[in-house]
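Asks: Residue-level listing of the chains:
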Amino acid sequence: MSFLNYLISGLSLGSIYAIIALGYTMVYGIAKMLNFAHGDFIMVGCYIIFCISSRFSNNPLIGIVIAIVFCTILGVTTELVAYRPLRGAASPLAVLITAIGVSYFLENLALIIFGADTKSFTSVVSWEGLSLAGGKLKIQGVTLVTIIVGLLILIALETFIGKTKQGQAMLAVAEDKGAAALMGINVNRTIALTFAIGSSLAAVAGALLCSAYPALSPYTGAMPGIKAFVAAVLGGIGSIRGAVIGGLLLGIVEILSKTYISSQLSEAIVFGILIVVLLVRPTGILGKKIQEKV
Amino acid sequence: MKKFNKFVSAVLTSVMVASMVAGCADATSTGGGSAEGAGSDGAKVFKIGAIGPLTGGAAAYGNAVVNGAEIAVEEINAAGGINGYQIEYKKEDDECDAQKSVNAYNTLKDWGMQFLVGSTTSACSIAVSENTKADNMFQLTPSGSAVECVQYDNAFRVCFSDPSQGLASAQYIAEHKLATKIGIIYDSSDVYSTGVYQTFVDEAGRQGLEIVSSEAFTQDNNTDFTVQLQKAKDAGADLLFLPFYYKDASLVLTQASTMDYHPTIFGVDGLDGILTVENFDTSLAEGVMLLTPFAADATDDLTVNFVKKYQEKYGEVPNQFAADAYDAVYVIKAAIEKAGATPDQSVSDLCEALKGAMTQIEVAGLTSAKMTWDASGEPNKEPKAVVIKDGAYVSAD
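Chains as they are written, first to last, in the numbering used here: chain A, 1 to 294; chain B, 1 to 397.
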């Protein structure tokens, strides 16, 4: 019975990783850049929801909608100001370093505006959850909501990319930016749209992250962001299904290694697994093999 | 590398020149430091300085310290001073940064400080103690709890050290028979938490307390505590010892509640502040016990009077840091009186006199009805526990 409890804990943590990883993998898959500031977009989203719900309205949906709008604007602006000018730079590292810069910028900005004090986040999910086996097994409402939302996003993204013109344009840009531009696709607009979607997902992920683990500080997004990145790589970065599988797997591995091996070593185990997976399958679980032509 | 070295030496040279110039300027403005013990109006006064983070993330601690000390200074001056001499008081900000704390110390030294109440936090206290040692300046930290804060013979402290908090917690739990089976969660990436944890485990063994689960977390892994809680629950722990800061504790309490696990929660002074977490559901902290030397609701005259003055002056309820600093000033007063010191003595002579006096005095303060010191700098006093009731601290006894 306690194994099942731990498994549920793992699912709960994993579903959060999965939903964050979706944003990572979306941006990487299309724009071929790692947005290391993704975790901090999440933190910004959390603060927006926190401010709205504590000052203006008790309805969490209003907060989430405003946070989505705000994060979308933030993502598109960041892309425009910090990433787009560097896209043509000689080294792809330039954008990566800038993304780390944006991450620190957002964290410190939040530190100035909101202070270092932790704030307790009111869950946006009021549903208590399921109680099974006479109360011995409890699944929190927010865990179920996270899993459902994660699956909905998965389906929506796959449909969008597979069935719409914009989605096809994204695939084309992902394949070859130069060729896509020659075919009449507006590359800049397509990448901006990718960022808009990725950042709006960050707002949703933030709402769920802080509902499950309600301590909000300027560094809230940092570590889950890195873990979700690991999850995205584990699942095969760029693959939308891979992000969900990678996230769930990572959460379960983390909790079970904490339980059965050592609560101090779980971090080492999680990142150790990343190394092993990359050695055995460099493209991740669902990653596509890319043949480099010489 | 060579270029870099050249650059470094150029920078160092310019810093040195600048500091020489600055040093000269200081020397002229304070008359070469000969103005020791002379107040702004020329009369003889004792000069006490305080250092703490007045801005930044730990500002709550630093402001409490300088405010608490200020109240004590005002009281003493109103009552006629120490040995008939008034006290002059000055505070400096260190932003919880060790380097800035040393700068603050130097500023106060130039001002003519004879006794230091500070620094507020451990790392800053340790950094400053290197300088007070070199200058042989008397240092009394109200709240620097790391062992190294009082490693030199000129440094003393008012609060309990980290290890002694673990010791006192185990003794308190055993003495009051709060539990038989104890679960511990601690932060293995934090020296404060592991320090308390280790002495707690050692003492628990001697006290015959059974530790049924002890699980760690790190600052990189501090969102999910369900595993640690589930293990404690499965092991049947009826008391959970949480020797870490309130930020993580607020998550632990929330998750324990969703798991329907309601053990007695026992913490140390890092837990002080849990009620100030914005938007935190304080009903989750109901019944939480923590070891802290000061409870603002205590009914003795000293506490009532202090809390009233503090609220009038600063508009908030004082925490244990304010109480520690208030006591610190009175401890200095007691030591000066014991030693019969006067303001015209040099800083070093005053320090020598107070070092001897510290081991002989017995002070009744806010944080304990009876405090004594030995030459190691550690205080001997009774630990007090508070329990959270209806969102406020109440004495546990």
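Hint data in this document are derived by calculation from the structure and do not stem from the laboratory.
Fair warning: there could be bad hints in the mix.
So the derived label-pair ranges between C-beta atoms look like this [as the list claims (entries may be wrong)]:
hint	chain 1	residue 1	chain 2	residue 2	range
1	B	Glu378	A	Thr77	13 to 21 Å
2	A	Leu132	B	Gly315	32 to 40 Å
3	B	His262	A	Lys165	54 to 62 Å
4	B	Asp281	A	Lys136	45 to 53 Å
Not everything, but these chain B residues come out facing chain A in the computed CB check (under 10 Å) [to be verified]:
hint	residue
5	Lys44
6	Ala60
7	Lys100
8	Asn103
9	Phe217
10	Gly273
With the C-beta cut set under 7 Å, the calculated list includes, among others, these residues of chain B facing chain A [said to hold, decoys possible]:
hint	residue
11	Ser188
12	Ser189
13	Thr282
14	Glu316
A virtual CB, placed ideally from N, CA and C, is assigned to each residue, including glycine.
Asks: Next, verify each hint and record whether it holds.
Replies: Hint-by-hint comparison with the structure:
no.	hint	verdict
1	B/Glu378 <-> A/Thr77: 13 to 21 Å	violated, 55 Å
2	A/Leu132 <-> B/Gly315: 32 to 40 Å	violated, 50 Å
3	B/His262 <-> A/Lys165: 54 to 62 Å	holds, 56 Å
4	B/Asp281 <-> A/Lys136: 45 to 53 Å	violated, 25 Å
5	Lys44	violated, 43 Å
6	Ala60	holds, 8 Å
7	Lys100	violated, 16 Å
8	Asn103	violated, 22 Å
9	Phe217	holds, 7 Å
10	Gly273	holds, 9 Å
11	Ser188	holds, 5 Å
12	Ser189	violated, 9 Å
13	Thr282	violated, 10 Å
14	Glu316	violated, 15 Å
Of the hints listed earlier, those the structure fails to meet are numbers 1, 2, 4, 5, 7, 8, 12, 13 and 14, in rising order.
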